[in-house]
Amino acid sequence: MNATTDWNALSDEDFRLLVRQFFREQYPEHLRYPKTRLRWAQIRDWYLMLSKKGWLAPAWPVEYGGMGLSPAKLMIFTEEGERRGVARAPDMGITMVGPLLIQHGSEAQKAYYLPKILSGEHIWCQGYSEPNAGSDLASLRTEAVLDGEHFVVNGQKTWTTLAQDATHIFLLVRTDKSAKKQEGISFLLADMSTPGIERRPIRNLAGHEEFCECFFHDVRVPRENIVGELNRGWTIAKALLGFERIFLGSPKQSQYAIARLEELIVHRGLTADAAFMDAYARLKLDLLDHMALYERFADQVRRGETLGPDVSMLKIIGTENYQRIAQLMLEAAGSAAGLVGDVELDGESFDWLTSYYNSRPATIYGGANEIQRNILATQLLGLKS
Amino acid sequence: MMANVEIDTDSDAQLRLLADSVQAFATKRLPLARARRLRRENPEFEAAMLAEMAGQGWTGLLIPESMGGFGLGFAEAAVIVEGLSAQLAPEPFVPVAVLGAGLLNAAAPGAQRDALLSGIADGSVMPACAWQDTQGGFDPAYPAFRARRAADGWIVEGEARFVRPGSGASTWLLVARTENGPVLFEAPLSAAGLDLSMEPQADGTALARVRAHGLCANEAMPLGADRLAAVLDQTLVMNAVELLALIRRMRSMTLEYLRTRVQFGKPIGSFQALQHRQVDLLLQEELTEAAVREAVAALDAGAPAARRTSLASRAKARAADAAMHTAREAIQMHGGIGVTDEYDLGLYVNRSLALAPWLGGARLHRQRWLALNPLQSVTES
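Chain order of the listed sequences is A and B.
If you're matching positions, the first sequence starts at 1 in full-length UniProt numbering and goes up one per residue.
If you're matching positions, the second sequence starts at 1 in full-length UniProt numbering and goes up one per residue.
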């Protein structure tokens, strides 16, 4: 069980049991199924433990310190983590920057950055979204102008998840304003401590500060921090969206939410309410059918096939089911529905608003569901816009 | 592990071959004009065509080889059902080759039973099976008829409704409960003590309503209660497959229409409002396929009764809702032509109206599913 173990040589069942046991026994109990994204201070010990075990970067090749898991094994790893309520560590370095550098980075970039991601010395955040761009990511305006050995960056990023805790940010920046929208974009790595970077948390409806705005004012980034070729960043960024897209359409959020709904229904005696139970049964069957459809795509991943644009279906179905479940939970809560946090109801405590709030952005991020519908209409059904 | 993969691949290839031959047959022999011509006829299908399907081996698909059939599974049956339903073939394939053959398969062996099964396989027998009560419930424990012993046989009483086919069958099969569990009776079409009436459906086919009052029967074919329940679930799943085929056709017709119909100087399929509605139909189609596929696999794997019934009701609930939703949306996206009788979409809409409620609609099957998966227990898995 050292770093050179070939996990893919294990049978799926053996691997699953191994992972399950590890998550069950080693993950801190008080951090299971967290209601919001955990901050670095809360999750740091777990991150370092994964690092020490060599399990921090399941998808990276072994030669770079990863587990080198096949897509099929990676599915199992992710499923078991979700099943056990294991929180996402700050994983932008692991899921985005690492694979990016391994594919497109220079030798110097790989040698410098990859070990520091694994050691927890560098925590990355993602500088893609911009104000007024939304799902039209390519309309980004933050620009980087070459000045000698530096790019000078000016502009603003937003929805930067947990930028408060990050030491580094990876940016899509405009490096050629005369080119077409998707061209003239480059991929740039920046140290958050560089003068001219300011971050400001955004408080959401639930009162949490999960996202930040990041401002760039004459920020000087060394020229060697560009990844890949100048003005070719968009292609690289798109190529990063691999089979992980399936996880945007995972039924896990809905499964967890409906389990909470079921507890609430039983506790409130709503099982005798035929109309309510029909509404519940609809959602439960929606979930089971979603799970059956998810399996079709999961099989594709397990066979090592590339996912097509049709995977967008899962995201739409999953996130909209999740929202309907959260909505029914409010109906089940009755007069207490507007109470926030752990609410006492006839001797037990429930929290319904967290699902409500968490389910809202699910149909917005990762490409709004309207964009997913556009993708399906044009790329799958062949309708022209 | 490898062996399994190879077997799966083999059966996938076989299924594709079967699908190709069904497709070839349907294209040549089952044009939509035929379905249009036959509706509202009495009977609304052609016995000769069903015999031809028997000649292809299809009616005997689920019948053991010892009785002239092929002893194949529901994955194969689904391929045929889907192909026929897509072309709106009015021949009662599911009622005869799935329900009829299934009931007889489930009955205790005997000369009468074996002869009927061989007859279905070779196309000479086409039973109409009456079991569902007049309320339209779906409870295998309470078939529509009751039977009691008489001096030289049995007396059968009761009333069944929603029998498919309504006319054109060669014989009756009645499911009755007795003190010793459910049994199956065969009765000739002209049997004394049997009253019939026809109830026309939206698609121009008819369902029969069958009343038995003092019907005398000589021989009862005992049915295991569990086996009866299994056959009804199997029929339900194949009914969901019929609906899936309708969903696919209505959606693809609508997509084609969106591509070609021009308004405001552009194909209407370029309008985002319609694109998104079309995508929502795609989502329903995919969810239906996923649910149906899982149910079919469970039938072939011989899943335990509770799981089998859960999956059958789930598939039917999804298919019925999705078919009705697709029908409504398809009409809207077609505009006025969608509500005319001369346009083929209407044939599919009307068939959906007939098949979605058969054996119970979405609401009934959600309730049935819920009864099997109450909240306190571990849910279906």
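Any given hint could be a false lead.
Said to hold, decoys possible - Calculated cross-link-like contacts (lysine to any residue; reagent style SDA-like; alpha-carbon spacing at most 25 Å):
no. : chain 1 : residue 1 : chain 2 : residue 2
1   : A       : 384       : B       : 248
2   : A       : 180       : B       : 248
3   : A       : 35        : A       : 70
4   : A       : 252       : B       : 293
5   : A       : 384       : B       : 43
6   : A       : 252       : B       : 248
7   : A       : 181       : B       : 277
8   : A       : 384       : B       : 124
9   : A       : 252       : B       : 267
10  : A       : 35        : A       : 181
11  : A       : 35        : B       : 375
12  : A       : 180       : A       : 252
13  : A       : 181       : A       : 132
14  : A       : 384       : B       : 297
15  : A       : 384       : B       : 52
16  : B       : 28        : B       : 65
17  : A       : 384       : B       : 28
18  : A       : 238       : B       : 261
Derived by calculation from the structure, the hints in this document are not laboratory data.
Proposed proximity, residue 124 (chain B) with residue 384 (chain A) (alpha carbon, max 25 Å): violated, 52 Å
Pair hint residue 35 (chain A) and residue 181 (chain A), alpha-carbon separation not exceeding 25 Å: Between residue 35 (chain A) and residue 181 (chain A) the Cα gap is close to 38 Å, so the pair fails against 25 Å, i.e. violated.
Straight-line alpha-carbon gap residue 384 (chain A) to residue 43 (chain B), limit 25 Å: violated, 45 Å
Pair hint residue 181 (chain A) and residue 277 (chain B), alpha-carbon separation not exceeding 25 Å: violated, 29 Å
Residue 252 (chain A) paired with residue 248 (chain B) [C-alpha distance capped at 25 Å]: Status violated; Cα separation ~29 Å.
Proposed proximity, residue 132 (chain A) with residue 181 (chain A) (alpha carbon, max 25 Å): Holds. Residue 181 (chain A) to residue 132 (chain A) sits at ~15 Å (cutoff 25 Å).
25 Å Cα cutoff - pair residue 384 (chain A), residue 28 (chain B): Distance of about 33 Å is beyond 25 Å: violated.
Given hint residue 375 (chain B) paired with residue 35 (chain A) - CA-CA distance at most 25 Å: Holds, at roughly 24 Å.
Restraint status (C-alpha distance of residue 35 (chain A) to residue 70 (chain A) at most 25 Å): Distance ~30 Å between residue 35 (chain A) and residue 70 (chain A) Cα, so the pair is violated.
Restraint check for residue 252 (chain A) with residue 267 (chain B), where alpha carbons must lie at most 25 Å apart: This hinted pair is violated, its Cα atoms lying about 39 Å apart.
Residue 384 (chain A) paired with residue 297 (chain B) [C-alpha distance capped at 25 Å]: violated, 37 Å
Hinted pair residue 180 (chain A) and residue 252 (chain A), Cα distance within 25 Å: violated, 39 Å
Of the hints listed earlier, those the structure fails to meet are numbers 2, 3, 5, 6, 7, 8, 9, 10, 12, 14, 15, 16, 17 and 18, in rising order.
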